[in-house]
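S.K.: Each chain, written out:
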Amino acid sequence: MISVEHIYKAFGEQLVLDNVSVEFEEGKTNLIIGASGSGKTVLLKAVAGLHSIDEGNIFYDDTEISTLGSKQRKEVYKQMGMLFQGAALFDFATARENVRFPLDFFTDWSLAERNERADFCLERVNLIEACDKYPSELSGGMQKRVGIARAIVMNPRYLFCDEPNSGLDPQTAILIDHLISDLTHEYNMTTIINTHDMNSVMAIGEKLVFLHQGKKEWEGCKNTVLQSDNEYLNHFVFASEMARLLKEPR
Amino acid sequence: MIKKTFELIGEYFLLMKQVFTKPEKWRIFWKQCLVETEKLGLSSIPLIGIISIAIGAVLVIQTAYNIENPFIPKMYVGYMVRESLILEFSCTMVALILAGKVGSNISSDIGTMRLTEQIDAMEMMGINSANYLILPKVVSVCLFNPLIMLFSFMIGIVGGWLIVALTGMITLSQYSTGLRFAFDGFYIVYALVKMVFFSFIIVTVSAFYGYLPKENSLEIGRASTRSIVAICLLILISDLMLTQLMLN
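Chains as they are written, first to last, in my numbering: chain B, 1 to 250; chain D, 1 to 248.
Just so you know, the hints here were simulated from the structure itself, not pulled from any lab data. Computed from a predicted model, the values in this text were never measured in an experiment. Yeah, the Cβ is synthetic: ideal placement off N, Cα and C, and Gly gets one too. Watch out, some of these pointers could steer you wrong.
Among the chain D residues that face chain B by a calculated CB cut under 8 Å, a handful are [stated by the list, open to error]: (1) 25; (2) 28; (3) 117; (4) 118; (5) 120; (6) 121; (7) 123; (8) 124; (9) 125; (10) 126; (11) 127.
Once the Cα atoms are required to be at most 20 Å apart in a straight line, the calculated PhoX-like pairs of lysine-lysine come out as [to be verified]: (12) D:22 x B:78; (13) D:22 x B:74; (14) D:25 x B:74.
Same shape as in the complex, but just chain B:
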């Protein structure tokens, strides 16, 4: 389980995380939702250790991450996988080499064993046929799937996804959402996804955290998100014409 307590983060004068406390549940897909500029990405990256925080604590199980030395912190990092917004695949490497990259560094396996593991992960995301292609030869959805394969190759306990379906067509977006959700349950990972896509929320949102202007405004699950009386959340959830139409008959 990952928990954050009273964290603050500012860039210059602008406060982007304002006293945020939340517990992300183990073995579930935890979604951080909110409008653009609400602090979702900063919160996700702070939890993942890519942004430092100004105040507060971040716990992995019962261990406060800032108290760890660099070696111990590295061990925690090895238990994490991350899917970035633009997939962040290495341009100089093929899909297989991208997935194999962490194995090259942190295992003493032979090349055949590393390739076997990389191929297994590519197979899991239904992309084995593209294993020898470079990122520039792959579509956005395929790049995301390679990114997922790379994120799970080390069998992580924690999976972080930064807007996994941004820039994808609705069908591919749903495919990616379900793939992440399936992997979360299959490997019992603590998954944190940052999104503003309501389709994702309704499809895979086992735990939801709503941020507005850097503050946590609401917490719940997909079953309760439509019944909330939080004004900001309702503005966010029922922003689209289709959502408003669906709400009206209720």
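Since the structure of chain B is already known, use the hints to place chain D on it.
M.R.: This is chain D only, laid out in the frame that chain B set:
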């Protein structure tokens, strides 16, 4: 402005602290060194070759034109070409040319990786990205650029020889006598030492500017320009200091 400069210098040294650590896997490190040698070193040879041959030829024409006095022996043309090439052109000028070619390449490559979160992805895996990306470049460029310098020197001499042979402004024997006249082997050592220093500056400064956080693609171009300006200034300052230290 002064505060910002000192902050930048501080950040540079913090990055260097990350760069100069033991590589995670030596096998990967040596493989990267070979890749970088091919990308940053071998690929520079045609450009340096063309420029060096032209400069060698131009030096012969200019020197011959300026010493038409009958009291000055013609063999001084060869002597002047050799001294100009080894003391300044093949190390300092070639380093400035490489700052443009290699420096901008490193800065934009790393800048793009920063902007597209590839560096963040490495950090998330627990990999020291600065060490993985920059140290092999430092090692390969610092080892290979001195060879490029020697190559430039030799090709410059050949360029001079070609123009002498084609125009006949002096005889080939006068040119070769000048090349061998009062030769001091220490000048080669001096030029090699300078080149190693300049290579270090080219790689680390361009990598540093590439490594700085970026908000958009325009910043990649800006970082590349800034890095080349900084490298040129640092090369000229260190040229002055090394010359004073080694030749005075």
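S.K.: Decide, hint by hint, whether the structure agrees.
M.R.: Hints versus structure:
1. 25: holds, 6 Å
2. 28: Residue 28 of chain D check passes; min Cβ-Cβ to chain B is 6 Å, inside 8 Å.
3. 117: holds, 4 Å
4. 118: holds, 5 Å
5. 120: Interface hint status for residue 120 of chain D: holds (6 Å vs cutoff 8 Å).
6. 121: holds, 4 Å
7. 123: holds, 7 Å
8. 124: holds, 5 Å
9. 125: holds, 5 Å
10. 126: holds, 4 Å
11. 127: holds, 6 Å
12. D:22 x B:78: holds, 19 Å
13. D:22 x B:74: Holds. Residue 22 of chain D to residue 74 of chain B sits at ~15 Å (cutoff 20 Å).
14. D:25 x B:74: Satisfied, since the Cα-Cα distance of roughly 15 Å is no more than 20 Å.
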